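Going down the list, the protein sequences come from chains F, A and E.
Following our numbering, the numbering of the first sequence begins with 1 at its first residue and continues without gaps.
Following our numbering, the numbering of the second sequence begins with 1 at its first residue and continues without gaps.
Following our numbering, the numbering of the third sequence begins with 1 at its first residue and continues without gaps.
In short, the hints are calculated from the structure, not lab data.
Heads up, none of these hints are tricks.
Think about it this way: if two alpha-carbon atoms lie no more than 25 Å apart in a straight line, the pair counts; the simulated BS3-like pairs of lysine-lysine are:
1. K114(A) x K107(E)
2. K107(E) x K30(A)
3. K304(E) x K257(E)
What follows is a set of in silico ranges between Cβ atoms, one per label pair, in the way DEER data are often shown:
4. E204(F) x R528(E): 50 to 60 Å
5. R198(F) x G437(E): 47 to 57 Å
6. S505(E) x F4(A): 54 to 64 Å
7. D570(E) x R90(A): 51 to 61 Å
8. E204(F) x G468(E): 18 to 28 Å
9. E204(F) x R256(E): 42 to 52 Å
10. K296(E) x G263(F): 43 to 53 Å
11. G468(E) x R198(F): 27 to 37 Å
Predicted model only: the values in this text are computed from it and were never measured.
Backbone N, C-alpha and C define an ideal beta-carbon position, used for all residues, glycine too.
Here are the chains, one letter per residue:
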Amino acid sequence: MRMGFFPGCSLEGSAREYAESLRAIAPLLEWELEELPDWNCCGATAAHCLNHTLGLALPARILALAESAGLEELLVPCSACYNRLAATRQELQQNVELRPKISQVIEMELAGRTNVVHVINALTRAANNGLATKLKEPFRHKVACYYGCYLTRPLSTASCKRAEDPQEMDDVMRAIGAEPIDWAFKVECCGAGLSVTRVDLVAELSGRIIDDAVQRGAEAIIVACPMCHSNLDLRRGAIQRNRRRRYSIPVLYVTQAVGLALGLDRQALGVHRHFVPVRLPEVSCAARAALTREDVVHGEREL
Amino acid sequence: MPSFEPRIIAFVCNWCTYAGADLTGTSRIKYAPNVRIVRLPCTGRIDFMVLLQALGQGADGVMVSGCHPGDCHYTSGNYHARRRWILFRRLLDFLGVDVRRTCFSWVSAAEGAKWAEVVNEFVASVRVLGPHDDFPKRLGNCGNEWLLAADKANSVGPLAAPAMSVAASDARKTMRGVHSQSVQVEP
Amino acid sequence: MARIGVFVCHCGENIASTVDTAEVVCASAQIPGVVLSIDYKYMCSDPGQNLIREAIGDRHLTGVVVAACSPRMHEPTFRRACADAGLNPYRCEMANIREHCSWVHDKSSDATAKAVDLVRMRVEKVKRNCSLFPIKVPVTKSALVIGGGIAGIQASLDIANAGHKVILVERDPSIGGHMAQLSETFPTLDCSQCILTPRMVEVAQNPNITLYTYSEVESLTGFIGNFKVRIRKRARGVDEKLCTGCGVCTQKCTSRKIPSEFNTGLGHRNAMYVPFPQAVPNKPVIDRSRCTYYLKGKCKLCEKICPAKAVRLDQEDQIVEADVGAVVVATGYDVKGADFFPEYGYGKFPDVITGLQFERLASASGPTLGKIKRPSDGKTPETVVFIACAGSRDPAKGIAYCSKICCMYTAKHAMLYRHKVHEGKAYVFYMDIRAGGKMYEEFVRRAIEEDEVRYVRGRVSRVYERNGILVVNGVDTLLGARPLEIEADLVVLASAMVAQKDAESLAQKLRISYDRDRFLSEAHPKLRPVEMNTAGIFVAGACQAPKDIPETVAQASGAASKVIGLFSRDELSREPVVARVGRNAAPLFSSCMGCFLCESACPYQAIEREEIRSRDGSLLKTVARVNEGVCQGCGTCVALCRSKSIDLDGFSHEQVFAELLAV
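Input sequences plus hints: build the corresponding full structure.
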């Protein structure tokens, strides 16, 4: 299926492996990704906080680019980009007076025809369309799916429903053979942009998230957002100092987990780029349940 | 020539606007004396013909005023009135009547001051528009023969001559019936 | 020929100082049809009224116009004077030359001209006024009360004790409603069932009350004084006349472990059950959706062991029809379930319960015999967190209103918990404390000061579970918005009070109005709290709006008094300002085309369909007919009628046009 692809700024930089893994699994899922030419930053949180018009114009240009390329759908991996694009599309649909003004600013026509799709929703679609048949190595591990904030807000455009207990990512993980756990911190704040200014707060907030996942027996945390990944993975050092203990639980992008299940090479999926080494138990859940505690190789290692 | 004073007919509902106008009186708030109020139980009772008749016989302005939406004493009469009013204005416009000569308002029983305001504003704007001569001339008698016939049947006796502008009443005397000979419309 | 008398009042100086009353008198005398035109200083006084009375007699007047104050002031006065003199009161109208003229204009020729116009308009209308006579509607002196909670019970007893017959219909197997589920009531901490059950027994024993439980209203037709109700008596499976209430069948029933509705899901019942020991009537009911016999055709143990041979497994629903004159709707409320709150666990955590569930825990006849125990493991909770305003006052959750009773019952719950678990810690997270009733504020202070309940002003953002305990994340706003994390064993949500799930369909069935929260809408929020816009139907209790027991009882007695007032006469007398569909002689019969636009526009359902038949019975046409017992005289139908077949007595086409033409 032909889909427009808007990587967004972070996928060019700190979330490079998200882009790598997404491009790697795309052909296997029959996604024909067409990256938008000359795409611009969506504005993220900065633009819409400072200037309403700018906050709308930046995403509007992206939507206009997709539309002029005749794309029906635009795949967006980053949750913040998705949020801005979906919100802009909705606001321009509802507020007819804004359209000519924004059109003038971006110097392009925009009718709002292109549908914005988050990677999670595209994966849900794939899961409902025979993903199970393509699995080479089912991802038989206990996982904690972490949604963070952008995936469930605002309710009208959110890619995941059930704001306090979303299940979309959990369902995708189930479709690839994983066992998502029920845990208390799936939508709790990780500290977000404070990662730059107040690392101590991020250490506290993200630390609680990691702690709950580990205590409930998760072997990996699955995310669908570069910010979430960054705070849970890149800031692991700060988290460990804050909590005075080591946590070796790896953080994987949902596309990487799907890629592993589809039998793709770890290098191709960018798994080696994480700060926390991705070491998953070789033994499957069911078999592991039969083993004793000492047999399980799930100790804590020096980083 | 004496300065033109418009003649306004207001159709109001008993429970809200009539009471509101009473309150204006009790509060001794002064307003223009151009309005003649026709009391009805509810604005829902008002139909097109009554309003057309008012304009047709030379009223310079017509007002309809009732309870605020949601407050109608009879629950929904004012909603019907509002819907009719929207159609009525379009009809009037089609007929060539200046819709600025009509005024639709919500005045509650507690809004004595508002009634005075609404009247004063409307009278002032109609005064600027001038006398309403052309429509009555074109419309002629908009069908009050039925009333005369009914009166005769009920032995009611002759109708009193109204105090409308002479031009309008002259026009009525010369034109009988809506479907009579073609009418010369003054430019 | 019309003979109209015009009486111009000076009203002291109120009219005379601004309007030239002599001029008005002269001008009025010129109006064709006016045979008398006089003025007087105070028309409303006795001598003034006498002038009118004498004139009616001497001059054989056929109509009277009093040019004076507003008709809203003195129309009844002058109409009574006319009636005394033998003139039909509806042939008397008033021209408002005070509030609408002398008081709002300066002394000028304009003011006088306006007064002259106003009088002339009214004279032309009165010339076409007809004699109207009050409409009499017969009244059936029997009341229907829908709902057997405390509201329905109180209303039924009041009406029955006044000597009238009452039919009380209750959907559940027993009357009692939510009050029967409560443990103790605020502010006295009276045992709820102890004060309720005597009334329930009174209802059962009152000879004027016919009680239908496990029954629902199927349909209600008719109008005030003349309703027809169809009641569906659902099949209990038991012959109530033979059943002695011994209870053997309910004990031996083989289909068990069904969540009990009375115990809010915290306890169990069998398929054959009595909802609670003090049920009235104390006769069991078979839940056919869970009974082995109805599902699989086996068992029938109850039939075999019943000593009175009262079990009737083949019993069917019965329809009962009755004539009633008034209806009291007392269908009560429902409580929003704990699974409504995603932030408190989406119903995942068994130890997060609603206030009503806590009542059952605290109740001596409840599933834990009055001991406060955690639903998950049965242990006694050492820390209980009560969350007030769970759902209420929250537009984002769709409930913008305040549920009124929660502040009080939360304080009560916290007190009961502390009384039962002396070492326990109770926290209440609140936004405001609403304790407006008698002794209510003192009650809440007692909870705080004597029973050491810790009140924290702040909301709870989240409840989650960790190692078997519940972690409550809240905030203390009085200590500078300090975040608070409490490890609780039990969390009680003061869930919003909402309308019953089928409130909307019942309201539509009865054709009464309801608001966006599906509470029933009273006729006027301030001055008519127990009547509905539909004449003859009254409302009592929480179905109208959240309220506590004292208010419910007061409202129920209020509704009952309206019913008793209605029944105090054999006939209802109504103002004759009603609509009327014109009828002609054959072969037209009526210019009504039968489009029934009027029927759908009437806010009171006062338009009926009438079939006009020829002598041999064949249908000629169906026309509209106004039920003068229900019509309120708004005239909306009159304006809508395309053929102008319907008219309004008192404001007819002729009258309005004549008034208009006279301007």
